[in-house]
Structures are given as structure tokens and as C-alpha cells.
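**Q** Spelled out from the first residue to the last, the chains are:
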Amino acid sequence: MCGIIGLLMKNKADQASLGRLMTPMFDCMAERGPDSAGLAVFEPPVAAGLRRFNLFAAERTCDWGTLFADFQKQTGASFQFVALENHAVLVSSVDPATLRNWLAECAPSHHLLSVGRQIDVYKDEGHPSEIARRYHFAELAGSHCVGHTRMATESAVSPAHAHPFTAGEDFCLVHNGSLSNPYMLRRKLEAQGLHFETDNDTEAACRFIEWRMQQGQDLDQALHTAFVELDGFYTLLIATNDQMTLVRDAFACKPAVVAETDRYVAISSEFRSLAHLPGVETANIFEPLPEVIYSWKV
Amino acid sequence: MESVVASTEPAAHSDGAGTFDLSRMSVRELNQFLHHELPRTGIRHLEILHPNGMHNLAVGVDADVDIEIRGHAGYFIGGMNKRARITVHGSVGWSVAENIMSGLVRVRGNASECVGASGHGGLVIIEGNASSRCGISMKGCDIVVGGSVGHVSAFMAQAGRLVVCGDAGPGLGDSLYEAVLYVRGRIHSLGADAQEEPLQDSDRTAIGELLRQAGIAADPRDFKRIGSARRLYHWNSEAHQEY
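Protein chains in written order, with the numbering used here: chain A, 6 to 303; chain B, 835 to 1077.
Among the hints, a few may not be true.
Claimed, not checked - Here are the computed distance ranges between Cβ atoms for each label pair:
(1) A:Met189 / B:Arg878: 56 to 66 Å
(2) A:Glu195 / B:Gln1029: 24 to 34 Å
(3) A:Asp75 / B:Ser860: 48 to 58 Å
(4) A:Ala146 / B:Ala1026: 49 to 59 Å
(5) B:Asn865 / A:Leu55: 52 to 62 Å
(6) A:Met189 / B:Ala1052: 23 to 33 Å
(7) A:Glu159 / B:Ser936: 40 to 50 Å
(8) B:Asn1070 / A:Thr230: 35 to 45 Å
(9) B:Ala1052 / A:Phe256: 28 to 38 Å
(10) A:Phe256 / B:Gln992: 16 to 26 Å
Derived from the structure by calculation, the hints contain no laboratory data.
Since the structure is predicted, the reported quantities are computational estimates derived from the model, not experimental observations.
Just so it is clear, CB atoms sit at the ideal spot from N, CA and C, and this is done for glycine as well.
Produce the complete structure using the sequences and hints provided.
**A** Following this line, the structure appears as C-alpha cells:
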């Protein structure tokens, strides 16, 4: 069992409330997944030529300033950063591959969580509510976010195994369920030169769908391919810079409920985590059908 | 005249009515009250406020009482119910009235998966739509759905009747035993061993009576009857797993 949540604000004026409305959803779904958790939030894009890199340090306290100064010395890349304990958002013009290689060589206990112009990703081991407090989720602003509370069933409990998983840029996925053919997908993708960071089944789904998009499919087409290629149970919630997309497997084995008003689209594994939302009494509340793609544009 | 009997008990009115506010008391307190304290209070009509999608509301009740839940409820509402008449003025999550034994569970809105799963008796009414696996393994309860039902409804249903006023999704009645299904709308597809059968007078009477209890206006003559072809009843060692 795991919990997933998603919230998309339809009006710019409401985007400042994203974190405040989302955090009770996240706290509530902690009951479905108490061992680790994560959240991806999409903010206004950084300037052209720059990217946001989210980094995670294995140790709770990290001297990010010294680390990034070393990085600048060795690569010549300019940067700005905002850090909170073991999490940092680095904004730089550096090429993702250069950063990745530098991390692997010079700071191997640091993990690159996400790359993009809009995405920030927070994830860690521990109780979801504690993680939400530590990273000040209630204060987050943005157009949309997807979150996950994990009760691990198929691979280790670690920060790296927590969701969301990311691939490419401004792309992430959270998953409730379990896949029965992740290794088949991995072997297929590894033969294409893709690199995996964990043995988690969701990472296989995430990289598979993003890889199909790199091959020229749009997200809908990639998901139709995934319906054929992914074997197992899944409710998947995917976010990119401009949309949030929800699908369930052919048997609809894992739950999801959507509440939509003219101000927001809220998605959760269970309605009780949506009960606090303003106007939910009159929202259009529905259960997504199996193998139907539900997308909302920002 | 309203009075609070004890801190964990609902406000009791002199006319046998009471209210239980879940914003002030827990689900466990509610269910313990329903199981142990209800007869002593003389409450015959209990209103439950602020359910906010909570799970396990009014499970295992065995009492002659009307329970009204004002709002959306979560999973397992009314599970194992005996005698009580429970109405949810909202929608419900998975497995409403699971294993119901007798009495009535009515949902004014929609229901998620597994409505009335393995129910032995009593009546479950969903005024809106029910999602997949509605009536899975039902063992004698009756289910009336005002709207449509999702895929694999009445899977392995053993006894009882499922009346669907709207459409039925894929795989209706897969591996059906002796339950009988009535569908007014379109059936996407029948599951293995389910078959359409002629609608008899006794069927029309049964449908009419269930619709009357549900308070749904529909013509019993408009329904199709689905029953079991009974080809899967016994293991056939010569079938080579080909059914």
C-alpha cells in the first residue's frame, strides 16, 4: 500500500496556497505509507539557459556553500543555491551531464534528485509528516505538485527508493502498486544506454515512459505503449512542467479519486485526504476508469 | 431537549434520536458505542455528522436503529451490518456493506469498488453509480444500483440479486454461481459462464419489489436477466484449462 496525491491550481492567484492546501492531503495519506515520502512541485521557470538542480545529501547537515564553491572552481560554472539541511536547489547554466559526473567523482554521497527549469523534488526516509515539516511543504508555492507516501513492498526503504522518480527534465512520476516485469523493462532500456539508480519497479516505469517521449511519442502515446508493456498493478500520477496526468491499470487494482472545481484539480488515493479542501462539497468527484488517460494542463 | 449521556456518547434527544459528531469523537468511539451502549440509551435514530471520508463507519452494527451519515464516507461503511438501516447522504469508498448480513445500507451518491462484497443478506442500494467488482462473491444479499456498475461486477456471485438500472462494464458475472443479475442498460460484455436468460414473470415481480424498496422508478420489463450457464461448477480434468 502507498498513498499518492496531486494538486493543480487553475488560477495563478491560488498558486501561493498550493503547499498550504496540499500538506493536509500529504499528512493524511501518511497512513497508507509511513516509511518514506516525497513531493515534486513545479514553480515558475528559471531564466533561459539556466536549470534547477535538486540535490540530496546523505547526511542531515551539509556544507552546501563549500561544495558548490568547489564545483565552481572545477567546472567554471556560475551558480546560485538555496539549501535546507540535506536538500539544496542549485540554479546554474551547467550541463546536467557535467554536474552528474562531478557528483559521482567528487561528492558521491550526494544524489541528484531532479533536473529541469521548473521542478523541485524533495524526498527522504521517515514519516511523511516529519518530512513535510522539515522541508516546509506548507509554505511551497507553485502551479502543481505530486506527492507520495510509501509502504515498501518490493525494494529497500531508502531516500533513493522513495518517490517521486524523475527522468529527463521537468518530468516525474509517483506510483501506487507493484509491477511484475520491471526487470524486463530495465533490460530493454539498459540496452538503449539508459542508466538506473535503484532497483525500484517505479523507476523502471518512470524511465520507460520518459524514454518513449524522448523517442518522439507524446505523453498520451507513451502511456498507451505503457499499457501494453507494463505488467502489474498501478495507479500512476505523472507531472511535467505543464500538465498532470493520471492513469490506472486495466483492473483498477489501486485506488484513486479526483475532486475538481473551477479552482483546482485534487487527486488522492482516498477521499478523506481531500475532505478539507475549500469547495470540495460541490466539487466534481469521480473515480478514474481503468486505462483511461486523465490529463490537466496548467 | 438535548443531553450528552457521557463524553464518548452521542447527544441523545428525548424522542429517541441522537447525534454523533465525528469532528469531536473518534470512529472507534462511534463503533464501540454502537456495539455496546446503544440499547441502553434508547436511541433509535442516530445521525452521524462530519464523516469527511473516514473509514469503518458503523461497522458490525447489530441493532434495530436508523443511522444517517451526513456527508461522504470512506471504506467499509456498514460492513457486516445486521438489522440496522444505514443511509449515507454522500458517496462512499471501497467495500461498502461488505459481508452485510441483514438490514439496509443506502448510498445517496456513488460508490467505489466492491459494493456488498460477499454479502449474505439484507439490501444494499446505491442511488448513483457503483464502480468495479460490485457484488463480488455476494452470497445472498440484494443490491440495487440506480446508475451503472464497473468491470467484473458480480464476479463469483453465489446467491442474491443484483439490479443495475444503468449499464454494466466488461466481464459482468464472470464465474457466476446462483446469483441472478438484472441489467436495464447496455452490457459491455459478459464474463465466463454468464449468459442471458429469458425474463420470467417471477423475475419481473422480483425486480419490481427491489425497485420499490429502493425508491427507483423503472419498468421491470426493461431489464435483461443474466444467470450462470453452470459450465464452471465442477472441475473438468479433460478441459485442459480451456474454459
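**Q** Confirm or reject the claim that asparagine 1070 (chain B) and threonine 230 (chain A) have a C-beta distance inside 35 to 45 Å.
**A** 38 Å, holds
**Q** Does the hinted range 48 to 58 Å hold for aspartate 75 (chain A) and serine 860 (chain B) at CB?
**A** Between aspartate 75 (chain A) and serine 860 (chain B), where Cβ atoms are some 53 Å apart, the hint holds.
**Q** A range of 23 to 33 Å was offered for this pair. Does it hold for the Cβ distance of methionine 189 (chain A) and alanine 1052 (chain B)?
**A** Because 49 Å falls outside the window, the suggested range is violated.
**Q** Within 28 to 38 Å: is that where the Cβ-Cβ distance between alanine 1052 (chain B) and phenylalanine 256 (chain A) falls?
**A** Because 30 Å falls inside the window, the suggested range holds.
**Q** With respect to the beta-carbon atoms only, verify the hint that alanine 146 (chain A) and alanine 1026 (chain B) lie 49 to 59 Å apart.
**A** Since the Cβ atoms of alanine 146 (chain A) and alanine 1026 (chain B) sit about 53 Å apart, the hinted range of 49 to 59 Å holds.
**Q** Given the range 24 to 34 Å, decide if the beta-carbon distance of glutamate 195 (chain A) to glutamine 1029 (chain B) lies inside it.
**A** Check failed, 49 Å falls outside 24 to 34 Å.
**Q** Just tell me: holds or violated, for the beta carbon distance of phenylalanine 256 (chain A) and glutamine 992 (chain B) against 16 to 26 Å?
**A** 21 Å, holds
**Q** For asparagine 865 (chain B) and leucine 55 (chain A), compare the CB-CB distance with the range 52 to 62 Å and indicate the outcome.
**A** Cβ of asparagine 865 (chain B) to Cβ of leucine 55 (chain A): about 56 Å, so the range 52 to 62 Å holds.
**Q** If I claimed the Cβ atoms of methionine 189 (chain A) and arginine 878 (chain B) lie 56 to 66 Å apart, would that claim hold in this structure?
**A** 60 Å, holds
**Q** Please test the hint of 40 to 50 Å on the beta carbon pair from glutamate 159 (chain A) and serine 936 (chain B).
**A** Holds - the Cβ-Cβ distance for glutamate 159 (chain A) and serine 936 (chain B), about 41 Å, lies within 40 to 50 Å.
Against the hints set out earlier in the document, violations occur for numbers 2 and 6.
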